[in-house]
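Asks: Protein chains in written order, with my numbering: chain D, 1 to 551; chain U, 552 to 1102.
Think of the hints as simulated: they come from the structure by calculation, not from any bench. Note that beta-carbon positions come from the ideal geometry of N, C-alpha and C, so glycine has one too. Worth double-checking, as some hints may not be accurate.
[What the hints assert, rightly or not] Derived, one-sided and incomplete: chain U residues facing chain D with beta-carbon distance under 7 Å: (1) Lys-608; (2) Asn-932; (3) Tyr-970; (4) Lys-1044; (5) Gln-1076.
Number of protein chains: 2
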Amino acid sequence: MKVAIAQINPIIADIEGNKKKILDYIKKAEGNGADLIIFPELATIGYPPMDLLENTKLVRDNLNSLKDIAQYCKDINSTVVVGYIDFDYDNPPMLYNSAAVISRGEIIFRQNKTLLPGYDVFDEYRYFSPATEWGVFELKGIKIGITICEDIWAALSKDNSRFLDLRGYRLDPVKILKDKGADLIINISASPYIKGKRQIRMEMLRNISRELNLSIIYVNQVGGNDSLVFDGNSFCVNQKGELYRHAKGFGEDLLVFDHNIGNELNSEVDDIDDIINALILGLRDYMGKSGFKKAVLGLSGGIDSALTAVIACKAIGPENVFGITMPSVYSSSGSVNDSYALAKNLAMRIETIAIADLFEQFKRDLKAIFGDLPEDVTEENIQARIRGVLLMSVSNKTGAMLLSTGNKSEVATGYCTLYGDMCGGLAVISDVPKTLVYKIAERINKDAGFDLIPRAIIEKAPSAELRPGQKDQDSLPPYEILDGIIELYIEQKLSLEEIVAAGYERETVAYTLRLINMNEYKRFQAAPGIKVTSKAFGIGRRIPLVKRYNP
Amino acid sequence: MKVAIAQINPIIADIEGNKKKILDYIKKAEGNGADLIIFPELATIGYPPMDLLENTKLVRDNLNSLKDIAQYCKDINSTVVVGYIDFDYDNPPMLYNSAAVISRGEIIFRQNKTLLPGYDVFDEYRYFSPATEWGVFELKGIKIGITICEDIWAALSKDNSRFLDLRGYRLDPVKILKDKGADLIINISASPYIKGKRQIRMEMLRNISRELNLSIIYVNQVGGNDSLVFDGNSFCVNQKGELYRHAKGFGEDLLVFDHNIGNELNSEVDDIDDIINALILGLRDYMGKSGFKKAVLGLSGGIDSALTAVIACKAIGPENVFGITMPSVYSSSGSVNDSYALAKNLAMRIETIAIADLFEQFKRDLKAIFGDLPEDVTEENIQARIRGVLLMSVSNKTGAMLLSTGNKSEVATGYCTLYGDMCGGLAVISDVPKTLVYKIAERINKDAGFDLIPRAIIEKAPSAELRPGQKDQDSLPPYEILDGIIELYIEQKLSLEEIVAAGYERETVAYTLRLINMNEYKRFQAAPGIKVTSKAFGIGRRIPLVKRYNP
Chain D
1 MKVAIAQINP IIADIEGNKK KILDYIKKAE GNGADLIIFP ELATIGYPPM DLLENTKLVR
61 DNLNSLKDIA QYCKDINSTV VVGYIDFDYD NPPMLYNSAA VISRGEIIFR QNKTLLPGYD
121 VFDEYRYFSP ATEWGVFELK GIKIGITICE DIWAALSKDN SRFLDLRGYR LDPVKILKDK
181 GADLIINISA SPYIKGKRQI RMEMLRNISR ELNLSIIYVN QVGGNDSLVF DGNSFCVNQK
241 GELYRHAKGF GEDLLVFDHN IGNELNSEVD DIDDIINALI LGLRDYMGKS GFKKAVLGLS
301 GGIDSALTAV IACKAIGPEN VFGITMPSVY SSSGSVNDSY ALAKNLAMRI ETIAIADLFE
361 QFKRDLKAIF GDLPEDVTEE NIQARIRGVL LMSVSNKTGA MLLSTGNKSE VATGYCTLYG
421 DMCGGLAVIS DVPKTLVYKI AERINKDAGF DLIPRAIIEK APSAELRPGQ KDQDSLPPYE
481 ILDGIIELYI EQKLSLEEIV AAGYERETVA YTLRLINMNE YKRFQAAPGI KVTSKAFGIG
541 RRIPLVKRYN P
Chain U
552 MKVAIAQINP IIADIEGNKK KILDYIKKAE GNGADLIIFP ELATIGYPPM DLLENTKLVR
612 DNLNSLKDIA QYCKDINSTV VVGYIDFDYD NPPMLYNSAA VISRGEIIFR QNKTLLPGYD
672 VFDEYRYFSP ATEWGVFELK GIKIGITICE DIWAALSKDN SRFLDLRGYR LDPVKILKDK
732 GADLIINISA SPYIKGKRQI RMEMLRNISR ELNLSIIYVN QVGGNDSLVF DGNSFCVNQK
792 GELYRHAKGF GEDLLVFDHN IGNELNSEVD DIDDIINALI LGLRDYMGKS GFKKAVLGLS
852 GGIDSALTAV IACKAIGPEN VFGITMPSVY SSSGSVNDSY ALAKNLAMRI ETIAIADLFE
912 QFKRDLKAIF GDLPEDVTEE NIQARIRGVL LMSVSNKTGA MLLSTGNKSE VATGYCTLYG
972 DMCGGLAVIS DVPKTLVYKI AERINKDAGF DLIPRAIIEK APSAELRPGQ KDQDSLPPYE
1032 ILDGIIELYI EQKLSLEEIV AAGYERETVA YTLRLINMNE YKRFQAAPGI KVTSKAFGIG
1092 RRIPLVKRYN P
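Okay, chain D solo, but in the shape it has when bound:
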């Protein structure tokens, strides 16, 4: 049997565009002799469509799209598996996250998703009802069962807190399909990238194959949709758990191959490389899918804006990236010079606007209200906000999207100015902790073969340069310690006591958790950021703003 993995990058709700792409891939795969062509989860509509699903027209359009695809398949030999939304608006009206199997113009088989994730960025219970029936279909003598994303994660899992129906009973779709005689399990997914998950995914499916004597074809969506980046990286394992085919990471791909035939491939993963690619794809698609060609960003002379500039240049080309350095009276001359050196290395445009005159004018105009009150954080924020207004002005005038450059450590502790450096359409590295920013910067320089990011930018002590001699580490714990605490609190959800027990100083932990909790209001108004860790700030973390919480 000849199989085609059609790893496509859909646009959310673009029913016509996605259909055209699906038909193009079918055409190509059929031309290559594919017996079975497999598309990702919700391929007709893109994942995640979120509350757009409440509009019945969109759901009906998706079903019409499926009909058109079936119609196209009337005269071809290939069988097609495509993710879509099934629905029944009769009594009762339920939506299903579903897979259709199309052959000779007919939908010959359907399988609904069983396990509906409702954690982190997922809200599938909000929209879908779970499968209550399971089956297999046969092609070229092979019995095939279909699972959808989360469904396959239950197999062999020792985690007792997931994969339950609402009454607490374990559900394992793979086991059900195996019992029904499946030889091959297809998994169609829209599985967002997070650091380390790709390795876990491959190991898991290799184990399932081996232990249950099943071959598995895993077809993942690719592309950036808002804060989520789907990494593609579709692959196949045979019944011995050997990885024998692997599609591209972070790009569309069509892979046509003989089922279960091929030598074992290397399955090693380079996390830093993956994160860089995730950021590039996330930025490229966020801009491209919303029609933006050009980006603008502030270059402070620090490592965060430097890394953001590198990612932007790689994503949309340096000719489309415009950096502005906006020195204050407290800025070192290095801040400007280092930014120019960076821009030269990247071959991107850079201009300078000094903010001293505007700062003085704001202080004059506020004098009537402020009187002789001493300067404080207010004046620091004014400078950050002047920069925000200047950058947004360039964005408005030139049609370039403003990129925000804050990292996760800053966003976590509120070491950033709302409506100042937080301005932007996309916060490119807001889920990248500072310590990881350094690692990525070193890798970028290593890959470039020279200090693409000037050494001075990497080595200077981090500073907002909003008052004389200011350094980040005057206000924050050392970044190695800070990032460790943030990971234990945000990603692992430990309590203060548990973090102290893990070896951190109580006072530092208490201070950090206080900063994190009191700055929820800033993050509520933050730009979307590209998720690369298991828990990013944003839509997957919903914390009350007003609370009295003792962590």
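Add chain U to chain D, keeping to what the hints say.
Replies: Just chain U now, kept in the frame of chain D:
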């Protein structure tokens, strides 16, 4: 039987503070001879705790709080019903939204919530498992069943799209409890205020009582929690469907009374009055619960900022409200004078900062980049953002929370400037359509007995005053039409064709829906707003930013 309704205003996650409040109410109610004291849904922790529930410490603290409450009840005669989170961290680990019945120090009965809402602002499937067992308990010879919020809405409902378990079967907890012999149904709720819901709620419970021959005691949470305002308005109906007791709207209350005894009360509702009270309570609690005493806002001379100022003065006292008028070169003299007249009527402080000098300085500094490009919306936004920076500066320097003043019609169409007039900790009227803003203003003046909001502010044509002669209606459809389309699209989720079929001009509908869809990114970064309609922008409406959607 003597019953006490303990309509409390908890603070989210404030386990100690909420416990103290619960014990205070038990003390008072017992002093008044109550046999049965009833608290709202999740009284120990406040509703909605959202993802804080992922921290196991908080859930454990809530259970310890329940133990302390039980311990306190050891030596009193009253039986206490209290909403809390029940959990079992053994295998499998499930959380339940639950009610405990406490008598003589023991938890003598528990009832879990059956129907877990997962629409709009609700995400209960994300956290909780549903009840699978139901029972009644007996007190003073009366058989009592407990329902929790959504549970009671299934009774008699003809809506086939709600009240289903995940397999699509109808569940009706009231019917189950009636079949188990219940004479009295208690409903503990955390039911957020929206326009018109109070009347529906009362009519529904009166019908259930009458048709099923049950008496009902409905106990609702009160208070503002972020964008949600819980209106209280707890009440009781006897088996004949007569409303015979009614607790305060929009305030804490303890109501002690003889079960099923009392004359029928008037059940009329004044929607405008309710909305005003919801906005006042929402603002007061958002500020008070997060420790803010003072507010600052920009006064433009328009009706939106005027209404926001009135609400603020009523919520926290005029001595704590500071208005700033920031005329541009395009502002009419009326804008400033009218704002001063309003401030005088309200007895609140007002100051003026003209923005012309800053505007000129920004234009000078941007000249090097902008060259001779003509002025456009960029320069309008610069002025709005100068105001944002000035207001945030006053907020930072004085510790006053900045209030954003945009209405729902503006926020829907993006007729507002991100990081400009959208700046603020709370968007007080962002769920109030412009046509409703006028109605509320007229009511406020009628209640005041004079033009508290000066007539000139109500009668002038709405304008952002960011370019010469600018009027809202140059860019937007007339507000009566615009608000009609917004309601059909956002609240009723109709398609373009359906809205046209409802009698609106196609071109206007298409233009309005395009504006709504293209401005999702602005709303993503908006301050939380107080929800008063069935569908507010914010946490209850989750729309992808990047999409290609044909409504």
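Asks: Please go over all the hints and tell whether each is borne out by the structure.
Replies: These are the hints, each one checked on the structure:
1. Contact between Lys-608(U) and chain D, as hinted, is supported at the beta carbon level, the nearest pair being about 4 Å apart and thus within 7 Å.
2. Evaluation of the Asn-932(U) hint against chain D yields a held restraint, the C-beta minimum of about 6 Å falling below 7 Å.
3. Because the closest C-beta pair between Tyr-970(U) and chain D is about 5 Å apart, less than 7 Å, the hint holds.
4. For Lys-1044(U), the interface hint holds, since its Cβ comes within 7 Å of a Cβ in chain D; the closest pair sits about 5 Å apart.
5. Hint status for Gln-1076(U): holds, given a least beta-carbon distance of 5 Å to chain D, under 7 Å.
In summary, the structure agrees with every hint in the numbered list given earlier.
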